[in-house]
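Q: Chains as they are written, first to last, in my numbering: chain B, 1 to 118; chain Z, 1 to 109.
Since the hints were made in silico from the structure, they are not lab data.
By construction, the Cβ of each residue, glycine as well, lies at the ideal position given by its N, Cα and C atoms.
Among the clues, some could well be false.
[Said to hold, decoys possible] Computed footprint of chain B on chain Z, listed as stretches where at least three residues anywhere in the stretch have a Cβ under 8 angstroms from a Cβ of chain B: (1) 35-42; (2) 100-108.
[Said to hold, decoys possible] Across the chosen pairs, the derived CB separations fall in these ranges: (3) A53(B) - R22(Z): 36 to 42 angstroms; (4) S75(Z) - A20(B): 40 to 46 angstroms; (5) T80(Z) - G40(B): 17 to 23 angstroms; (6) P39(Z) - K57(B): 27 to 33 angstroms; (7) P8(B) - Y73(Z): 46 to 52 angstroms; (8) D63(B) - Q3(Z): 26 to 32 angstroms; (9) R22(Z) - T106(B): 19 to 25 angstroms; (10) R15(B) - R22(Z): 36 to 42 angstroms; (11) E52(B) - E67(Z): 39 to 45 angstroms; (12) P9(Z) - K78(B): 29 to 35 angstroms.
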Amino acid sequence: GAGVSQSPRYKVAKRGQDVALRCDPISGHVSLFWYQQALGQGPEFLTYFQNEAQLDKSGLPSDRFFAERPEGSVSTLKIQRTQQEDSAVYLCASSLVLVSGRTQETQYFGPGTRLLVL
Amino acid sequence: GIQVEQSPPDLILQEGANSTLRCNFSDSVNNLQWFHQNPWGQLINLFYIPSGTKQNGRLSATTVATERYSLLYISSSQTTDSGVYFCAVGRYNFNKFYFGSGTKLNVKP
Chain B
1 GAGVSQSPRY KVAKRGQDVA LRCDPISGHV SLFWYQQALG QGPEFLTYFQ NEAQLDKSGL
61 PSDRFFAERP EGSVSTLKIQ RTQQEDSAVY LCASSLVLVS GRTQETQYFG PGTRLLVL
Chain Z
1 GIQVEQSPPD LILQEGANST LRCNFSDSVN NLQWFHQNPW GQLINLFYIP SGTKQNGRLS
61 ATTVATERYS LLYISSSQTT DSGVYFCAVG RYNFNKFYFG SGTKLNVKP
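Work the whole structure out from these sequences, hints included.
A: Structure below.
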């Protein structure tokens, strides 16, 4: 597609409910990133995939957060037993990987999923 | 991680005015991007600029990597420039961006 797409755009969950957020990266982009953006703050890194391999999950705030990218394309961020502090915008980004193996620096972001936990 | 500080945090301009936004970072970086987050939350790439100077229309950016800062210039501002401007930095061996807290720009007609 022309850009990174995310769904749903908005999600309201009751505390304790599980949610799943989807990201479709730009076609051909090997690297995929998830970020969390709290109100009034800059995005914060959650996790990174290169193809289907999750190479960095250091930003996941707790073991309730889980991400996968089983076929190296679409990714899903799952949050179990949601808490009010999980309310935020969840952003997905993708980028190319250079021939050298390094991730191409420019990250392209999707529109985000706004999660509100009541 | 790398600390990123942006200034000013808030900026109000009259349409037609010029402005300079600043991004300071705490360590050497290979990657630096400026983004504009529009009122709908979409992050729009403005510049990839780990060093040097680039211009795109009314916008230009300069990064002095040795002194660990970058500047974004907006000339002849328009109401559509309103939103939050983020600076994000990274390094090759860290596959992530570190974002500042942003500069919230409000351009009044």
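Q: Take the hints in turn and mark each one as holding or not.
A: Tested hints:
1. 35-42: Three-residue rule met by the region 35-42 of chain Z, so holds; n is 4.
2. 100-108: holds (count 3)
3. A53(B) - R22(Z): 36 to 42 angstroms: holds, 37 angstroms
4. S75(Z) - A20(B): 40 to 46 angstroms: holds, 44 angstroms
5. T80(Z) - G40(B): 17 to 23 angstroms: holds, 22 angstroms
6. P39(Z) - K57(B): 27 to 33 angstroms: holds, 31 angstroms
7. P8(B) - Y73(Z): 46 to 52 angstroms: This hint is violated: roughly 37 angstroms between Cβ atoms.
8. D63(B) - Q3(Z): 26 to 32 angstroms: holds, 27 angstroms
9. R22(Z) - T106(B): 19 to 25 angstroms: holds, 22 angstroms
10. R15(B) - R22(Z): 36 to 42 angstroms: Given a distance of about 40 angstroms, which is inside 36 to 42 angstroms, the answer is holds.
11. E52(B) - E67(Z): 39 to 45 angstroms: holds, 40 angstroms
12. P9(Z) - K78(B): 29 to 35 angstroms: holds, 34 angstroms
Hint 7 from the list above is the single one not met by this structure.
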